[in-house]
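K.L.:
These protein sequences, in sequence, are chains A and B.
Numbering-wise, our numbering puts 20 at position 20 of the first sequence, and it's gapless, one number per residue.
Numbering-wise, our numbering puts 76 at position 76 of the second sequence, and it's gapless, one number per residue.
Don't read these hints as lab results, they were simulated from the structure.
The reader is advised that the hints may include incorrect statements.
Claimed, not checked - Derived CB-CB ranges, DEER-like: (1) His155/A with Asp16/B: 32 to 40 Å; (2) Gly283/B with Gly315/A: 39 to 47 Å; (3) Gly158/B with Ala428/A: 44 to 52 Å; (4) Asn352/B with Thr33/A: 37 to 45 Å; (5) Ala405/A with Lys136/B: 54 to 62 Å; (6) Ala28/B with Met314/A: 32 to 40 Å; (7) Lys136/B with Asn322/A: 16 to 24 Å; (8) Asn317/B with Met314/A: 29 to 37 Å; (9) Ala405/A with Thr276/B: 37 to 45 Å.
Stated by the list, open to error - With a straight-line cut-off of 25 Å between C-alpha atoms, the simulated DSS-like cross-links for lysine-lysine are: (10) Lys140/A with Lys219/B; (11) Lys169/A with Lys313/B; (12) Lys140/A with Lys313/B; (13) Lys219/B with Lys169/A; (14) Lys193/B with Lys171/B; (15) Lys307/B with Lys36/A; (16) Lys166/A with Lys307/B.
We put the CB at the ideal spot given by N, CA and C, even for glycine.
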Amino acid sequence: MSADKNVIKEESMIIQKAMISRNYDAITSKLETGQKMASTFVPGNLNELVRCFGMLNNLPEINAIQAGMRKLTGGYIMEAEKGGHSEDVCTYVKADIGQLGKGNIAPNGKPYPDPDVLLLSYTGCYTFMKWFELLREQYKCPTVMIHVPYQGDGHWTMNMRDYIVKQLKEEVIPTFERISGVKFDIDRLREMMALSAKAEDDLVWVIETAKHKPSPIDAYFGAVYYVGPIFSAFRGTQEAVDYYKVLKKEIQYRIDNKMGPITPEGEMKEQKYRIVVEGPPNWTNFREFWKMFYDEGAVVVASSYSKVGGTYDMGFRHDPANPLESLAEYCLGCYTNRNLPTRVEILEKYINDYEADGLLTNSIKSCNSFSAGQLMMMREVEKRTGKPGAFIETDLVDPRYFSAANVKNRLESYFQMIEQKRRGVKSAA
Amino acid sequence: MGTQEIVTKCQTIYEDLNFTYAREWKAAKAGRKVIGFMPVYVPMELIHAANALPLGIMGGGDQMEVIHGDAYYQSYICRIPRSTIELGVTGRLDFVDMMLFPFVCDVIRNLSGIWKMMFPNVVSRFFDTPQNFEEKIGGTYYIHELQELKEAIEETTGTKITDEALRNSIKLYNENRKLIWGLYDARAKEPWKFPTWELYVIMRAGIMMPVEEHNQLLKDYAAAAHQEDRPKRDNSRIALNGSFCEQPPLNLIKSIEMAGCYIVEDDYVLVNRFLTEDVPVDGDPLANLALTYIKHSVETACKYVPKEEDKGKFLVNRIKQCAAEGVIFAAPSFCDPALLDRPMLSHRVTENSIPSISFKYAENSGQMQPIREQAGTFADSIKLWN
C-alpha cells in the first residue's frame, strides 16, 4: 500500500517491528539453526515455558492477523473453503489452513517450517481445540494439550488450578524435554517470569494512561500494538522490558504535552467521544476502521480485546515464586475464559473508571467465544451505567464481512446519539 | 402398547413446548424439583439420585416462533440459543429449578452466563467435562467437579445424595443405556422395523420423563416393533453425523428416510448413550461415573481426541458395526463443533472408502425438498456404484 510510506511511526513502533521481524526470521530459518519451534495460541500463551526449552514460539493467530493486514486472507479463506471447510467457522482457522495450501509463506517472504510441537493451550475458545486437531492432521507432529477449565461461576477453583499444573508437570514439560532435548530448569523459568512481571507492570501503566483527558493513547487500535510483545513471543524477555521503557517515555511525553494518540495520520487532536470497545477488531480493513473513529474525534479509552492475552490491569502478574501455579492462574484469567456476568462487570468498570461516553460492541461473525451473548452484555452495561451502547458486525480476517459503508453509518449515528444524550443531560440540568 | 401408541405418546411429550409432562410430574408430589440440561452430556444419575427430574432442553424446535430470542444474539449464530432464550423469557421453563449448561461449544458456554443474568432466581451452572483423558489428571479433576455438582444439586433440591441412592440411579441408567444400545443394534439389523424418526421421538421423550418410566417404554417398544410386520425396502443404509446439539426438525429425519435411506447410526440425543459401557455399581460412585466418562465415552466433536490416529475412529467403527454404506454429515448452521470436525471426519471416511455427503439445517428448517433430493440422489448413487 502506497499510504504506508506516509504512516507516522514512533520509536517504540520501529523497535517492535524489528522484534517481530527477528522472530519471523528465527522461525523461517529454524531448519538451518536447528532451533525447535512450538506453535500455540495468544490466550494461554506459555511463552516463558516455551523459551525455557530454547524453543521458538509461533502463533498462528498472529500470523493470520499479519496476513489479514496485508490483505492476503481473503484468498486463503477461499482456498480453505474449497477444501471443504465451512463458510460458518472461524476465519483465523481458515486463513491458517488456506495459507498452508498456498505455500505457507511468512511475512518475510520465506516459507514457514513445520512446527516441532503444537502446544494446544485450550483457553477460553472452543475453536482452539479443533484448530490444532486440524493442524495436527496436516503436520503430523506431536501435540500436547492443556485444558483450561472455564470460569463458569466467575471464579477459578483450586481443583481447576491443580488440574492445569498437573497437565504442565506430567504432559507439557516432559513433551518439551523430549522434543527440545533440554532439561527443564525451573530457575530459568523463574528468571523469565520476573521479566514478564516487569513488562506487565509497564503495560498496565500504558493502558491506564487512557484515564487522562485527553487520552494519550487509543486503547483499542493503538493498544493492539502495545500488547504485541507481551501477547506474542516476547513475554519474559529483556527485549519486552526494554520496549515498554521506550513506550512509557513516549506516552509520558504525550501526557506532559496534553497530546492525543498517534494515529497512522499523525496525532489525534480533538477528542469528542471517549469509547469503550468490546470484541476484537477487524484486521483486513484495520486502518479504514480506525480512521472512522479518529475522523469523528472518537478515542477508545478501554477495550476488552487488549485483555485477551492476559488481564494484567485486574492485578494478575506472573509470579516467579510459584511459576507453574502462576502460569495456570494466568491461563484461567484470560478475558474470554471469564463468564459473561464477569465480562459485564469489567466493561461497566471500564465505562466508569475511564469516564467513557458509551460501549461499542464489534461483534465478530466467526468468533462465538467473544460474540455469543454480546448483545445481552451491551444492554446490561447500558442499564448499569446509563451510557448508550452500539453494535456493529464485522469479521476478523474475512474481507467479505467488512462493509465499510454500514459500519461508518452506524458509528456516525452512534456518535450523534452520544451527542444528543449529552445535550439532553445538559438541558435537564 | 403397540408401537403406534408408544410413538404417539412420545411425540406428544417431545412436541409440547410447555413441558406439561414434566410439570405434572413436579406437581404430583410436594417438594419435587426439576433440573434442566442442555446438550450434549450431563451425568443424569446425579440428578436422579437427588429425587429430581433431569429434563433435556434441546431448544424450541420448528414449532416455536422466536421473537424475543433474536434480540439477544448477533446475526451469525445457530438457532438453539435463541430458541432456548425464547423458552425462558416466555415462561415455559418457569418450573425448572436449576439449569445445567454442559460443555459443547462457546455458544452454550456463554448461554450459561446469560442465564445467570436473565434468571437470577434459577441456579445456573456451566458443567465442564475434562478434555484430558488420563485417569490421574483428567479423572481426578472430574471427580472433584462431580463432587461440586453433587453439592450444588443437593443444595437446590434439599436432598442429600447418598452413595446408596447414587448407586441405585447408576443401575437404572445402566439399564437405560443397555436398552437404548439394544434398540440401536436392532435398528442396524432390521432398520425397516425401527424407523429412526420413531426412535428419535422415543429418545427425546426419554429425557423428559423419569428413567424408570423410559426403561419400561423402551422394553415395550422393542417388543412391539419386533413383532410388527413392516415391509423391507431396497433402501441404502446410512450413518448420520453432526446433529448432536441443535436437533433437526422431525420432518428432516422423515425426509431422509422417505428419500430411500435407512438411518442405521446417528448422534441425536447423545446424552442417553454418551457412556458406552456400564458404570460400575460397586465402589465410589462418583469415581465410577468419572472414570467411565474418561475411559468409555463416545467420540464426538465436543471432545478432544488426544491421538491423531484415533481421530474419527469411533465413527468409522460405528459405520462398520452398523453396516452403513455411506455417511450424511448433517450439521446445524453455524455449529462450530460439527463444522470444524467435519473435514477431519470426512477424510477418515474417505480413507475407508465410505461415500459421504453433507448439508446444513436449522431446528426450524421448513423446506425439505432439497434435503429429499440430496439424500435421494445419495441413496441412489450408493445403490448404483457400491
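K.L.:
Evaluate each hint against the coordinates.
P.N.:
Here is how each hint holds up against the structure:
1. His155/A with Asp16/B: 32 to 40 Å: Distance hint for His155/A, Asp16/B holds at roughly 38 Å.
2. Gly283/B with Gly315/A: 39 to 47 Å: 43 Å, holds
3. Gly158/B with Ala428/A: 44 to 52 Å: 50 Å, holds
4. Asn352/B with Thr33/A: 37 to 45 Å: Distance hint for Asn352/B, Thr33/A holds at roughly 41 Å.
5. Ala405/A with Lys136/B: 54 to 62 Å: The hinted range 54 to 62 Å holds for Ala405/A and Lys136/B, with Cβ atoms some 57 Å apart.
6. Ala28/B with Met314/A: 32 to 40 Å: 49 Å, violated
7. Lys136/B with Asn322/A: 16 to 24 Å: 22 Å, holds
8. Asn317/B with Met314/A: 29 to 37 Å: For Asn317/B and Met314/A the Cβ distance comes to about 47 Å; the hint is violated.
9. Ala405/A with Thr276/B: 37 to 45 Å: 53 Å, violated
10. Lys140/A with Lys219/B: 47 Å, violated
11. Lys169/A with Lys313/B: Answer violated: Lys169/A to Lys313/B is near 29 Å, above 25 Å.
12. Lys140/A with Lys313/B: Given that 25 Å is the threshold and the Cα spacing comes to 17 Å, the pair holds.
13. Lys219/B with Lys169/A: 49 Å, violated
14. Lys193/B with Lys171/B: 28 Å, violated
15. Lys307/B with Lys36/A: 21 Å, holds
16. Lys166/A with Lys307/B: Holds, because 19 Å separates the two Cα atoms, which is no more than 25 Å.
In the structure shown, a violation is registered for the earlier hints numbered 6, 8, 9, 10, 11, 13, 14, in ascending order.
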